[in-house]
Amino acid sequence: MKNFLNSFAGFLPLGILWLSPLAAGLVAVLYGALDEAAWLALFGHPQLWPGLALSMGTGTLSLIISALLAFWIVAGLYGGKLWPGTSGLMGGFLSLPHLAFAIGLGFLITPSGLLARVIGSVAAWAAPPQWVTTQDPYGFSLVTVLVLKEVPFLIWLISAHLARPEVTQMLNGHFRVSQSLGHGGASVWLRVFIPQILPRLKWPLLIVWFYGASVVDVALAIGPTQPPPLAVIIWSDLNNADPAVNARGTAGALFLTAALGCLVLLFMFLKRATLPSIWRFFTRGPSRRRTPRITSGALLLFFCAVYALVFAILCVMSIGTLWPYPDLFPSELRFSAWAQFLMSPAPLLNSLSLAVASTLAALALAVFWLETVPEKLDAVLLACGIAALALPSLLIADGQYLAFLRLGLNGTWLGVFLAHLTPVFAYVFIVLKGPYRAFDPRYRAVALGLNADNYRFWSVVKLAMMKPALAAAAAVGIGVSIAQYVPTQLIASGRLTTLPIEAVTLASGGSRPLMAVFALMLAVIPAFAFIIASRLGRKPL
Amino acid sequence: MTLLLENISLTIGDVLLVKSFTISIEAGEIVTLMGPSGCGKSSLLAYIAGDLSPPMYGNGHVTLDGVDLVYLPAEQRHVGRLFQDDLLFPHLTVGENLLFGVPRGSLSKRQHLVSEALASAQLEGFEDRDPGTLSSGQRARVALFRALMAKPKPCCWMSRSPSLTLSSGIRCGTMSLRICANAKFPHCWSPMTAKTHRRAGGFSASATRGT
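Each protein sequence line maps, in turn, to chains W and L.
So that you can map any letter, position 217 of the first sequence is 217 in my numbering, and since no number is skipped, the others follow by simple counting.
So that you can map any letter, position 158 of the second sequence is 158 in my numbering, and since no number is skipped, the others follow by simple counting.
It is worth saying that the hints were derived from the structure and are not from the lab.
The hints are all genuine.
Chain W stretches covered by chain L per the calculated footprint, using a threshold of three residues with CB under 8 Å from any CB of chain L:
| # | region |
| --- | --- |
| 1 | 190-198 |
| 2 | 274-287 |
Per label pair, the in silico range of CB-to-CB distance:
| # | chain 1 | residue 1 | chain 2 | residue 2 | range |
| --- | --- | --- | --- | --- | --- |
| 3 | W | P129 | L | Y71 | 50 to 60 Å |
| 4 | L | G137 | W | A464 | 41 to 51 Å |
| 5 | L | D68 | W | F302 | 33 to 43 Å |
| 6 | L | K109 | W | A273 | 24 to 34 Å |
| 7 | W | L309 | L | Y57 | 36 to 46 Å |
| 8 | L | K109 | W | L377 | 44 to 54 Å |
| 9 | W | L115 | L | S20 | 57 to 67 Å |
Since we're looking at a predicted model, the values are computed, not measured.
Every residue, glycine too, gets a C-beta built ideally from N, C-alpha and C.
Looking at chain L on its own, in the form it has when it is part of the complex (with noise of 0.2 Å):
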C-alpha cells in the first residue's frame, strides 16, 4: 500500500502556504514533517482527511493505491486521525467510545475487540466508565485505540513536540505531522527516531520504517 501525496498546494487567500508539495510513503512507513507554527501542517492533514475548510484551499492529488482520494467526502477516505485534544465524546462511556468507529457485524466480535483494546492499552474494567474521570493519558490511550479501531488504512495525528530548532535557525513549531500508512492495529503506537532527514515543499520531513 502506497500513500502518494503529489502536488499539494495549499493557500488562505492569496497567501501560498505549501507549494508542489510531493511525498510518497510506502506501507509501514512513518513519517515525519516538521516545520514552524502557521507552515501549513495542520492544514495537509486536513487535506489529506478531507474536512480542510474555508478561507483554506487546497489543490493537488492524494491517492492511496492508485485511488484518488481527492474527490471522495471525508467519511470514505479511512483515513485515521488522533487530534492534539483527545475529543472523547462525553455522552458515551469509554467502552462506546471505542465501539463508535469499529465497523458494523456480529456485537460480540465487536466487544472482545473492545475488551482486547482496553486490555492493549493497559485500561481493563474501564469499559463503563465515563471519560471524564479518566487522566489525561489515559484519555490520549482511548482516542488512539478508537482512531486505531476503525482499521484506517492511513493513520495521521499532530503530536506536541518540545520547540525545536531548525538547522537554518528557523525556530521551529511545537507540531509535528506524521504519517504512517497502513497503520496496525495495535502496533503502530511505538517510539521512533528519525532516520532520514529531507526538506520538501517548506517541511522539513523524516521518515522511519514501523514495526
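This is chain W alone, in the form it adopts within the complex (with noise of 0.2 Å):
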C-alpha cells in the first residue's frame, strides 16, 4: 500500500503538468476532427497532395541522407585519433538550433549570398546568378539543413553508445574476430556493427524522420512556397483569423501525422520483403573492402567548415548594417541591430524565463518520478515521452491550442510554459533516465551506516554524483525550449513573443542585422547552457 501510494505520489504532479497537457491536445485534436466539413475542406485544397510529397520526400530524404553520411562518418573515424573529439564537436555543434542555422546558411548559398559573391569576384559577375538555391521548389535546401543539422546529431547518438564501456568491449571483439575471419573494416560496419546500432537508434532515427516531414520553422526560412511543404499549409491554416480554415488546418495536422504512420507501415512492409536479400548480404563471404577514412575525415572537415562559416556569417551579419552585393564584407559596421535587441528585450526575457522555468519543472518531475515510482514504470513514461517526440509539434500544439481554449490559458505565460514542457520534459526524463537508474543502491547502505539519514545522503551523496547528468539533462532541456517555435506562437497567440517568433518574422523579409541578432542569441544561449553543463560535470582536480 505504501509503495501504491508512493508511486501515485510520483506520477501526480508529473500527470497534472506534462501529462494532462499532453492528453488533452491529443483529445482536443481528435475531437476537432470530428467536423466534417474541415476534412471536405481539406481534401478541395489544390496544394494538399503537392505538400504531402513535398513533405514526406524531403523528410525521407533527409533522414536517408543523414543516416548514410553519419554511418559513413563514424564508421571512417571510430578508433582513430580523430574519434576522440568528434563526439564534443558534435555537441557544440547540437546547440546550435535548426533556425539559426538556416538563416546563417541562407546568406551563405542564396544567389546574392556570400558563395555567389565569392565566385563572382573571380569570374567578374556585374550581377547576381540567375540561380534558384534557396526556397527551391524540389525542397533541395530544405533537405541541406536538415541534413547538416541532423547529421551531427545522429553522430552525437552513435558515439554516445559506442562509448559505453560493455558495447566498446563487445564491438571490439567483434572487429577483431571479423578480421580474423577475412573481412575488412567497411565489411564489419556494414555486416556486424550497423545491424546491431541501427536497433538501439530506432526511436531518435523516427523523431529525426517525422521531425523532418513536419518541421515549419525551417521550411518558412529556407523551404519552398509554390507549393510549401504541407506542415507549412496546415501552419498557415492553423494561423488564419477564420474558424473554418483553422479546422481545415486541424483536419491537416492529423492528416499530416496520419501520412506519417502509413509511411512507417510502408517502411516496416518493405523491410520484411528485401530482409531475405539484406541477411544473404550479411553472409555472402568476407570483403576486404576498407574503412574510408579519408573521405570520412573530409566529411567532418567539410562539417566543420560549414558550421564555422554558418557562425562567423551571423557575427558579421548582425553589424553590419551595409552589406550590398558584390561586397565580400560589410562597407558599414554598427552594433545598431544589437542596440535595437537590447533595447526591446522582451523576446529575449520571455525566452529565458520560458526555458529556464520549464527545465527546473522537468528536472524536478523527472527526480521526482525516479524517486519514487518503481523502475518497472519507466516503459510506460517512456512511450508516451518517445510520443510526444516523435508526434508533429503541430498536432501536439493545436490540440492543446483548441484545450487550453476552454481553460483560457491561451495568450498566458502558464499556457506557453505547459506547452514548452511538453517537449522539454521529454527529453530531460529520456537524458536522465539511464544515468539516474544505474546510481548503484549500496551507495545509500554505505551512507545510513555512516550516520546519515536519508536527506543527507540524497543532497550530499545522490546529489552530488548526479550532478554531471543532471546539468547534461538541464542544458538539453534550455536548448529544446529555446528552439521551440510551432507551440509559442500558437499558445502565445501574438501575445507573448520569443527569440524563435522574431527570427522567423524577420527572415521572410525585415532587417537583416537584427535577424542575424535573433538567429546568434538563438544559439548562444545553449551554447552557454552547455558549456556550464560540462564544467559542473567536469570533475574537481
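Bring the two chains, given one by one in their own frames, into a single complex with the hints.
Here it is, written out as C-alpha cells:
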C-alpha cells in the first residue's frame, strides 16, 4: 500500500503538469477531427497532394542521407585519432538550433549570398546569378539544412552508444574476430556493427524522420513556397482568423500524422520484403573493403567548415548594416541591431524565463518520478515521451491550443510554459533516466551505515554524484525550450513573443542585421547552457 | 607450410615485454606458449594476427611460406583466431555465424559446408537457432567451427587452463597461446599432450604434432 501511495505521489505532479496537457491536446485534436466540413475542405485544397509529397520527400530524403553520412563518418573515424574529439565537436554543433543554422546558411547560398560573391569576384559577375538555391521548388535547400543539422545529432547519438564500456568491449571483440575471418573494416561495419547499432537508434531515427517531414520554422525560412510543404500549409491554416480554416488546419495536422504512420507501415513492409536479400548480403562471404578514413575525415572537415562559416556569417551579418552585392565584407559596421535588440528585451526575457522555468520543472518532475516510482513503470513514461517527441509538434500544439482555449490559458505565460514542458520533459527524462537508474543502491546502505539520514544521503551523496547527468539534462532542456516555435506561436496567440518567433518573422523579409542577432541569440543561450553543464560535470581537480 | 616468427619484440611504453622471440612452426605442428599473466602472450597473438593496438608496439617478422605478414592488413593474413569469449554475432543465427567467414562462392556449396560443420560439432538442427539460446559449450564449438570454416592458414587461440607452476617457481598465468600451422577443418581440434618443452623469449613453449 505504501509503495502504491509512493508511486501515486510520483505520478501526481507529472500527471497534472505534463501528462494532462499532452493528453488534453491529443483528445482536443481528435475531437476537432469530427468536423466533416474541415475534411472536405482539406481534400479540396489544391496544394494538399503536392505539399504532402514535398513533406514526405524532404523528411525521408533527409533521414536517409543523414543516416548514411553519419554512419560513413563514424565508420571512418571510429578508433582513429580524430574520434575522441568528434563527439564533443558534434555536441557543440547541436547547440546551434535548426532555425539559426538555416538563416546563416541561407545567406551563404542565396544567389546574392557570400558563396556567389566569392565566385563572382573571381568570375567578374556584374549581377547575382539567376540560380534558385533557397526556397527551390523541390525542397533541396530544406533537405540540405536538415541533413547538415541531423548528421551531428546522429553522430552524437552513435558515439554515446559506442562509448558505453560493454558496447566498446563487445564491438572490439567482434571487430577482431571479423578481421580474422577475412572481413575488412567496411565489411565489419556493414555486416556486424550497423545491424547491431541500428535497432538501438530506431526511436531517434523516427524522431528525426517525423521532424523533417513536419518542420515549420526551417521550412518557412528556407523551404519551397509554391507549393510549400504540407506542414507550412497547415501552419498557415492554423494561424488564419477564420475558424473554418483553423478546423481545416486541425484536420491537416491529423492527416499529416496519419500519412507519417502509413509511411512507417510502408517502411516496415519494405523491410520485411527485403530482409532475405539483406541477410544474404550479411553472409555472402568476406569482403576486404576497408573503412573510408580519408572521405570521413574530409566530411568531418566539411561539417566543421560549414558550421564555422555559418557562425561567422551570423556574427558579421549582425553588425553589417550596409552589405550590398558584390561586396565580400560589409561597407558599414554598426552595433545598431544589437542596441535595438537590447532596447526591446521582451523576446529574450520571455525565452529565458520559459526555458529556465520549463527546465527546472522538468528536472523536478523527472527526479520526483525516478525517486518514487519503480523502474518497471519507466517504459510507460518513456513511450509517452517518445510519442510527445515523434508526433508532429503541429498536432500536439494545435490540440493544446484547442484545449487551452477552454481553460483560458491561451495568450498566457502559464499556457506557453505548459506547452514547452511537453517536449522539454520528454528530453530531460530520456537523458536522465539511464544515469539515474544506474546509480548503485549500495551507496545508500554505505551512507546510512555512516550515520547519515536519508536527506543527508540524498543531498550530499546522490545529488552530488548525479550532478553531471542533471547538468546535461538541464542543458538539453534549455536548448529544446529556446528553439520551440510552433507551440509558442500558437499558444501565445501574439501576446507573448520569443526569440524564434521574432527570428522567423524577420526571416520572411525584415532587417538582416536584426535577424542575425536573433539567430545568434538562439545559438548562444543553448551553447552557454552546454558549457556550464560541461563545467559542472567535470570532476574537481 | 611454415610459420616463422623471427626476432619479435613487443613493448608497452618503455617496458620491453617480449625480446627477440624466434620460433618456427611446421605444418601440422601445434605449439603451446605458456607464461605468467601479463608476459605478452595475447599481445604476441595480436601481433601475428595484425591488430596490436597502442600503447602496445611490436617489431619483427611473421613469415608464412616466405610471405611477410607484417605488412598485410589483418583481414588479408588468413590467421584464424579463437578468443577467450566465443564472440558469436548476436544478430545472426548459428548457421549465419558459420557462413560469415566462408569464402564467396555458390550458396549451395557454402550451405553444405555449414551442414557438415554442424554435424561435426554435434549440433545438427541448430542452423536457425539464436546463439543466445545455446549453452556455453555449444557456443564455443560454433566459434571454433566458424574460425575453421574461414580456411585459416595458421590458427591461434587462447585457452584457459588451470594455474600452473613452472619449474622456476614462477606462478604461471591461466592462459596459454597455441599456434597450429596448417589448421585443417575439422581435424585441428583434438586433445594434445606436450611432447617437448623449451624456453624461448620469456615464454615456456611446448610442441606436438597434430593429427
